[in-house]
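Number of protein chains: 2
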Amino acid sequence: FVLLTFCTPKEETADVLSEKSIQPELLSWNEGKSKSAIMDFVEKAVDANSPDFVPVADRIAVFDNDGTLWSEQPMYFQLAFALDEIKRMAPEHPEWKTTPPFSDLLNGDVQKFMSEEKNLFMLMANTHANMGTDEFDMRVKEWMKTAVHPKTGKHYNEMIFQPMLELLEYLRAHEFKTFIVSGGGIDFMRAWTEEAYGIPPYQVVGSLFGLAYIDSTATPELIKIPELFFNDDKGGKPVGIHRNIGKRPVFAGGNSDGDYQMLQYTSTGSGPRFGMYVHHTDSVREYAYDRNSSIGRLNKGLDDASKYGWLIVDMAKDWKVIYPFDKQ
Amino acid sequence: FVLLTFCTPKEETADVLSEKSIQPELLSWNEGKSKSAIMDFVEKAVDANSPDFVPVADRIAVFDNDGTLWSEQPMYFQLAFALDEIKRMAPEHPEWKTTPPFSDLLNGDVQKFMSEEKNLFMLMANTHANMGTDEFDMRVKEWMKTAVHPKTGKHYNEMIFQPMLELLEYLRAHEFKTFIVSGGGIDFMRAWTEEAYGIPPYQVVGSLFGLAYIDSTATPELIKIPELFFNDDKGGKPVGIHRNIGKRPVFAGGNSDGDYQMLQYTSTGSGPRFGMYVHHTDSVREYAYDRNSSIGRLNKGLDDASKYGWLIVDMAKDWKVIYPFDKQ
Ligand SMILES: [Ca+2]
Ligand SMILES: [Ca+2]
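Protein chains in written order, with the working numbering: chain A, 279 to 606; chain B, 279 to 606.
Hints are computed from structural coordinates only; laboratory data are not their basis. Treat the hints loosely; a few may be bogus.
Heads up, the list lumps identical chains together, so a pair's fine if it works in one copy or across two of them.
[As the list claims (entries may be wrong)] Mimicking BS3-like on lysine-lysine, the simulated pairs with C-alpha atoms at most 27 Å apart in a straight line are:
hint, residue 1, residue 2
1, 365, 432
2, 525, 455
3, 419, 455
4, 396, 365
5, 311, 605
6, 365, 390
7, 322, 311
8, 423, 525
9, 595, 311
Construct all of the structure, not just a fragment, from the sequences and the given hints.
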């Protein structure tokens, strides 16, 4: 034993250990078709002798966020944020308590409030606009620290999918650049996605509000304008990808028909491509929904998955755990 | 000599050499205030014990392109591309030869053609739109390979500034992320900026045309629409930075009043910041112009440089060479 220690220089041991610890594996994925398909694609992509090799500069992987990287039930978490913000701000707006539509909200009738589209616009205008981007960022961060999910009692940024975290790290370890391409608001995501997923703000693509640069004060800032400037959903996703990334991805993951065009755009490029849908099949550990859901409807995508060769990940079957806090 | 070779293992020699060669220096910058100011900022930014330390995640550096990273005289190079494209396409459009406004262009009266704003729109619509993004990319690449600058006889992508290339590499070696933030068209730039500057497409921010995702064919693609969707200039630059980068930069470089807001947005953030203007003072090796130029006018920026602490780089005095081909 002493001899062995003596013969192995300290530095070498450290190197071997750190190399091991930085090589991520898909530990929360059960063995099977899904895990094999992902690993098979990636192993060929990095093998310079494979006909399915992908040059490093082309290793662009894009992921939807809601329902793909984190949960989205019983309502989009960004919507939960907006509703909570109205409650938080209510004391400064005593008129809300008695005047519709906010009175409906504050009196607990979310259904009624949400039934009119113009109310959604008012909701966003009051919680996502008419303030600086720094102020908004701070509000999202504050909410993340305090609000909890009605079913799990966990903070929303804890309800990210452990197997997808491992997939992101696995891809990055193989020199893929990982991007979020979400219908969610870009500023809402950037407030927490770097910490949660290791994805920096400049690799987040999302829906855009208007923005105005105001330099009339000593500290010029960007003010969020209550208008939808760009909707990063459906056919908007390839547009958002082109504008913020500038390359057709080789790997795309989504969970709904809103991702159909992103997966299609990815899969129909030349050379090796990988498309996958996260299928919400786990009513016990998460939620089960697809063709008839108003949130995250997955219908056309299921129909056409085999046509495009998309992998359908079965959350109940393929994933050992759902959330990081499920790990023992 | 033999003993020395024997005593130094091959690997170690290689390591030392490669370490030396990857540590970029500002070799084409003359010693003086400008070079010192840049190095002083960067050395403190990476020194964890300095009060002016900048965490790696915040090391965002943004640069204008036209007149900052490459030349822009006697006309914006993107405009030269558009005019050349009209000439290249003319045989397919025999009516252009006799019908204004393109007849003016084809008969050599660029001045007359450019005097009407609607002509510029027609020029862009015919050369920058109504085609897929892949087709446009190919056209720009083809033009870069063939067209030459009227004064230097060099290809346009050779007319990049050697000292700025060194600055980009120097910043990246110190773990800055380098971005282009230009009023130029994003697709025009991305066709050549990765090769020229080592800046990947997802780190290029620019002006945007409309884009439509068309999936009626077997290979769905993005079609460029002849409308200006976003003008990444002046107050648009901070907006473009927020949308594509998502962080207030700590380092910004420009050359005209179109960069004023970008430098201001950068400089007025808290903590250490660096703003610089490239001042075109070299009528012999490049061009000399500032306050009264129609291209790259630098007027307000010069007035307010000391107020914001911006460095004014004097091309004639501070730069040993202008272009890479000037190096012996
Ligand atoms: Ca989704
Ligand atoms: Ca410029």
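Those earlier numbered hints the structure runs against, lowest number first | none
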